[in-house]
Amino acid sequence: MKLEINVTPHENYLHVKVKGIGNYENALYFWQQVVAACEQYQCYRVLGEQYLLDSVTTLEAFDHPAMFKKLGITTKYQFAWVDNNPRTRETTEFVYNVLANRSVSYGKLFHDVESAKLWLLAQK
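Residue numbers (my numbering): 74 to 197.
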């Protein structure tokens, strides 16, 4: 199954929505699209919403720091992230923790879009 990715530019951030299957190949493709959109709009604040039907494996989660480094995702990016599927939230939190523990990315997880947006727009 392919991913459905929608990027909506706003004045101070990009709103990115993704639906599909969670695996390493799809994650790599998705993050490539996010990087391309950030470069296109010269905006590195991203409000992300995902609804994935499955999650990456634990081993794939540990590959995310290398993936982010390869794609040039650094702390200049700010991610406010919402996982809309309760079944995959635990894995999403694990991926987030792996990235945070390696100081690869700057972001925060939320349970709702409004809280995520408020936090993201408050970042400098």
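Any given hint could be a false lead.
Quick list of simulated restraints, FRET-style, between CB atoms [unchecked claim]: (1) N85 - L132: 34 to 40 Å; (2) Q113 - V186: 18 to 24 Å; (3) N85 - N174: 24 to 30 Å; (4) T148 - N79: 32 to 38 Å; (5) N157 - L101: 29 to 35 Å; (6) Y124 - L194: 34 to 40 Å; (7) Y124 - E98: 27 to 33 Å; (8) L101 - N170: 26 to 32 Å; (9) K149 - L101: 17 to 23 Å; (10) P159 - A109: 26 to 32 Å; (11) K75 - A195: 32 to 38 Å; (12) E163 - L101: 29 to 35 Å.
Note that these hints are calculated values from the structure, not bench results. Since the structure is predicted, the reported quantities are computational estimates derived from the model, not experimental observations. Cβ atoms here follow ideal geometry from the backbone N, Cα and C, with glycine treated the same way.
Determine which of the earlier numbered hints do not hold for this structure and return their numbers in increasing order. Hints 4, 5, 6, 7, 8, 12 contradicted; others consistent.
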